[in-house]
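Chemist: Below, each chain spelled out in residue letters.
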Amino acid sequence: MTEAPLRRGLPRIPDRFAALGAAIVVLLVLAAILAPWLAPYDVDPRPLESLLPPSGAHWFGTDNAGRDVLSQILYGARTSLFIAVAVLAVSATAGVTLGMIAGYAGGWARDVIMRITDVFLAFPALLLSLALAVVLPPSVNTVVLAIAVTWWPWYARLAASTAASIATRGYVDAARCLGVPAPLIVLRHVLPNSLTPVLVQMSLDAGGVILTSAALSYLGLGAQEPTAEWGLMVQQGQTYFTTSWWMVTFPGLAILVTAFAFNVLGEGLRNALDPRRVVK
Amino acid sequence: MARHLARRLGQALLVVAGVVVLTFTVMRLVPGDPAVAFAGPKATPEQLAEVRERFGLDDPLPAQLVAYVRDLLTGDWGTSLRTRQPVLDDLYLAFPASLELVGAALVLAIVVGVPVGVLAARHNRRLPDLGVRFTSMLAVSVPVFWLALTLQLIFASELGWFPIAGEYDSSLDTTSPLTLWTNITVVDALITGNWPILTSTLQHLVLPALVVAAYPTGVIAQMTRAALIEEAGQDHARMERALGFGETAVLTRFALRPSLVPVLSIVALVFAYSIVNGFLVEAVFNWPGLGRYAAESIKARDTPAIAGVTLLVALVYTLANLVVDLLQGVVDPRVRAR
Amino acid sequence: MIEVRELRVSYGGRVVADVPELDVGAGECVAIVGESGSGKSTTLLALLGLLPDAEVSGRVTVCGVDVLTAPPRRLRELRGARAALVIQSPQAALAPSTRLGVLMRRALRLHGREATDAAMAEAMRAVLLDPELLRRYPHEISGGQAQRFAIALAIALGAEVVLADEPTSALDVTVQAEVVAVLRGLLTERGLALLLVSHDLALVSTIADRVLVMKDGAVVESGPAATVLATPAHPYTRELLEALP
Chain A
1 MTEAPLRRGL
11 PRIPDRFAAL
21 GAAIVVLLVL
31 AAILAPWLAP
41 YDVDPRPLES
51 LLPPSGAHWF
61 GTDNAGRDVL
71 SQILYGARTS
81 LFIAVAVLAV
91 SATAGVTLGM
101 IAGYAGGWAR
111 DVIMRITDVF
121 LAFPALLLSL
131 ALAVVLPPSV
141 NTVVLAIAVT
151 WWPWYARLAA
161 STAASIATRG
171 YVDAARCLGV
181 PAPLIVLRHV
191 LPNSLTPVLV
201 QMSLDAGGVI
211 LTSAALSYLG
221 LGAQEPTAEW
231 GLMVQQGQTY
241 FTTSWWMVTF
251 PGLAILVTAF
261 AFNVLGEGLR
271 NALDPRRVVK
Chain B
1 MARHLARRLG
11 QALLVVAGVV
21 VLTFTVMRLV
31 PGDPAVAFAG
41 PKATPEQLAE
51 VRERFGLDDP
61 LPAQLVAYVR
71 DLLTGDWGTS
81 LRTRQPVLDD
91 LYLAFPASLE
101 LVGAALVLAI
111 VVGVPVGVLA
121 ARHNRRLPDL
131 GVRFTSMLAV
141 SVPVFWLALT
151 LQLIFASELG
161 WFPIAGEYDS
171 SLDTTSPLTL
181 WTNITVVDAL
191 ITGNWPILTS
201 TLQHLVLPAL
211 VVAAYPTGVI
221 AQMTRAALIE
231 EAGQDHARME
241 RALGFGETAV
251 LTRFALRPSL
261 VPVLSIVALV
271 FAYSIVNGFL
281 VEAVFNWPGL
291 GRYAAESIKA
301 RDTPAIAGVT
311 LLVALVYTLA
321 NLVVDLLQGV
331 VDPRVRAR
Chain C
1 MIEVRELRVS
11 YGGRVVADVP
21 ELDVGAGECV
31 AIVGESGSGK
41 STTLLALLGL
51 LPDAEVSGRV
61 TVCGVDVLTA
71 PPRRLRELRG
81 ARAALVIQSP
91 QAALAPSTRL
101 GVLMRRALRL
111 HGREATDAAM
121 AEAMRAVLLD
131 PELLRRYPHE
141 ISGGQAQRFA
151 IALAIALGAE
161 VVLADEPTSA
171 LDVTVQAEVV
181 AVLRGLLTER
191 GLALLLVSHD
201 LALVSTIADR
211 VLVMKDGAVV
221 ESGPAATVLA
231 TPAHPYTREL
241 LEALP
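Protein chains in written order, with the UniProt record's numbering: chain A, 1 to 280; chain B, 1 to 338; chain C, 1 to 245.
For the record, the hints were derived by calculation from the structure and aren't laboratory data.
These figures come from a predicted structure and were not determined experimentally.
Don't take every hint at face value.
What the hints assert, rightly or not - From the structure, some residues in chain C lie toward chain B, with a derived Cβ separation under 8 Å:
| no. | residue |
| --- | --- |
| 1 | Val65 |
| 2 | Leu68 |
| 3 | Leu85 |
| 4 | Ser97 |
| 5 | Thr98 |
| 6 | Leu110 |
| 7 | His111 |
| 8 | Leu133 |
To be verified - Listed next, with one range per pair, are the computed distances between beta-carbon atoms:
| no. | chain 1 | residue 1 | chain 2 | residue 2 | range |
| --- | --- | --- | --- | --- | --- |
| 9 | C | Gly112 | A | Ala23 | 51 to 57 Å |
| 10 | A | Asn64 | B | Pro62 | 47 to 53 Å |
| 11 | B | Ala300 | A | Glu225 | 17 to 23 Å |
| 12 | C | Val15 | A | Gly107 | 51 to 57 Å |
| 13 | A | Ser55 | B | Gly131 | 32 to 38 Å |
| 14 | A | Trp108 | B | Leu13 | 18 to 24 Å |
| 15 | C | Gly37 | A | Asp15 | 25 to 31 Å |
Ideal Cβ positions, reconstructed from N, Cα and C, are used throughout, including at glycine.
Please put together the full structure from these sequences, using the hints given.
Modeler: Right, dumping it as structure tokens:
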């Protein structure tokens, strides 16, 4: 055997992070769908004894209003996943549409769209979301809107660069020469070929969206009672933290595990599908 | 280099103009009458008319925008509805504390993140690498407000190793008052040799800085690792190995410097992100920075104050991007030549 | 100086280079020719143990070091100091943010040589380069200068064996001639052993004593350069020769 420069010491270990992330995401989706059946207690109507520590009957304890924390977390998965899906759908649709126009049309349309994109990118995502969430009434929909407004420019930029590179390919030229109208060319040729990086970016972004939405809800700008939301649960629990740690610890862990799962899944997908690194 | 600088400055100015327009637009989205918000619900119609007159609220929107820009340029960032102070004065007091916190966190993130990234790259796809990647993924996935609460409970409330909240022990204001120069407490204490306040501030800084540092440390470690592995696969790395350099030497003495270019640009992004992330941490640790100011303004629905914070952070962000862009030329001679 | 027996390099069971015999003595130049992908560069890297993920078998001795069994430290002492590699794309082969002089100084110190300005300048002059170039970054010099700088490194370090991978392919004709002149100087004046990998038969015919022709990882023909190039026995060698302008 050659003593090769990289071949020394510890053995190489196959990377199973992406599979781990995928497994967690599947479990989360199942938890969200099956929450009414999985949850050991109804979240709303029947108050239990409040602030019970974790036990066999209440794995994660109960909160100050006498709700079972585990059940709340399961229902909270619905809120978080709904927000993530809604934000990504809205921002990817808006961003990809604008990006396609910019990338395919080029010229002044591209300049205008990209400069607007630059302006939005000049705000750290959470900041603009904060500002918007402050002026709009607090609700889950506000969270979706506030985050989507800060997220679309990334998709616009990504789609514009892919569209621009695809627009120069031979078959697109051929279609243009045949007189196929531009919108049709974009729909038939450019869009389908640009989707992979967009999908990869969406899976990478899901974790960030979940963290941002939890932060907004923690600040009281997002989901309101009686919606079960992890960030809101942490906010409600922090007053009781020193005596009833479970009210803060478990919802926080739920956010951490969810964001982690999406992040590693997204990274794995990117490495597998899209060799170009999209750095955010 | 001069042309590069001019073009980047032009771009940055354009972005700043857009940021101002966007902030203005968001402020106008506020439901309700801004005059009522300022004068209070019990104001008489005459008072309301006077407020409208004073702030030009009856003018058409473009005229209001022009007036807004003129005010901004002359240093009038509006008056806070909550503190009744000029917003710019409030920001001038709050921002240095945020800079102190984020600065400490970023120093920590670079000091830890870069070596950890080197370690991971050195043992690519082996146990140390997997450990670094797992931990850094956790670090970027953790909700900061939760981490802040948890560390505060464990290390301040339970173990008592660090103070629970605040920037320094306020009783020191009487025993050894601090002369303000920069408003950044650590720096001022250092300049004036105020050791009691310096020690107290550093103790108070540990926990919040650790929390704010989590995200940048993870990002920097991942970026360093990725950039190093890419550099180590380049032709020049083969040449250095052929010259007899060991793997660690290839990474640290030849690959690290070009790798710092992408790492540096990520630091700019992460810097601004951390200021906003710091908002949540400041709220938990009662750190007298922008975040606490923003949180209190949010509670009071204090639109001018929120607009001021938004504008300031966006400006800092744009500036950070600009600085990093120019710094890249210093680190990588190829960028300079372009 | 180089002695290879039954060298076989494979990736995941696929053999990419199979060299039954290859010897290079001091003051001698042997060339491996073949198209890209024929396994010639792989062979070269195997001589320095620089194939991280490959399975390598056989016996390879370079300057008395058994490359395939030597501990990493012995290998690192061999690399650069005694057996130098000159690789194909000259500028990409130099770390972009390291000045040439810094690289040379670090390499000299690494191998315990004295890194005086005079010694470094002398090595530069030996390859007809202005010592002032030591202050430059790789992107500030030309391809031919970078290639000669790689050779200057070998001279400064006192290498006994030079392994050159396509040393002229990235260069234009006049610059090629300069590099060839420098290489020939190494052979005649310093008595180095030179192993050259190239697809450029014109270059090979002017400098090589012996030739190995490789195709798809296997050696199809070998012998004295004059014989092989004048009366090629294998159809593939004839093909290569016909491709010459």
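Chemist: Hints first: check each against the structure and report whether it holds.
Modeler: Okay, the hints, checked on the actual structure:
Among the interface hints, the one on Val65(C) is violated; its C-beta lies about 12 Å from the nearest C-beta in chain B, farther than the 8 Å criterion. The closest approach between the C-beta of Leu68(C) and any C-beta of chain B is roughly 16 Å, which is over the 8 Å cut-off, so the hint fails. A distance limit of 8 Å between C-beta atoms decides the matter here; for Leu85(C) the minimum to chain B is near 4 Å, and the interface restraint holds. At about 4 Å, the closest approach between the beta carbon of Ser97(C) and any beta carbon in chain B falls short of 8 Å, and the interface hint on this residue holds.
Residue-level restraint check for Thr98(C) holds (minimum Cβ-Cβ distance to chain B is 6 Å; threshold 8 Å). For the restraint placing Leu110(C) at the interface with chain B, the shortest Cβ-Cβ distance is roughly 6 Å, inside the 8 Å limit, so the hint holds. For His111(C), the shortest C-beta to C-beta distance to chain B is roughly 6 Å, which falls under 8 Å, so the interface hint holds. The beta carbon of Leu133(C) comes no nearer than 15 Å to any beta carbon in chain B, farther than 8 Å, and the hint placing it at the interface is violated.
Range check, Gly112(C) to Ala23(A): Cβ separation about 53 Å, and the 51 to 57 Å hint holds. As the Cβ distance of Asn64(A) to Pro62(B) is approximately 51 Å, the hint placing it in 47 to 53 Å holds. The beta-carbon spacing between Ala300(B) and Glu225(A), approximately 21 Å, falls within the hinted interval of 17 to 23 Å. Between Val15(C) and Gly107(A) the Cβ separation comes to about 54 Å, which falls inside the hinted range of 51 to 57 Å.
Judged by the Cβ atoms, the range 32 to 38 Å given for Ser55(A) and Gly131(B) holds: they are separated by roughly 34 Å. The hint said 18 to 24 Å for the Cβ distance between Trp108(A) and Leu13(B), and at roughly 20 Å that hint holds. The hinted window of 25 to 31 Å between Gly37(C) and Asp15(A) holds, with their beta carbons roughly 30 Å apart.
Consistency note: the structure conflicts with the earlier hints numbered 1, 2, 8.
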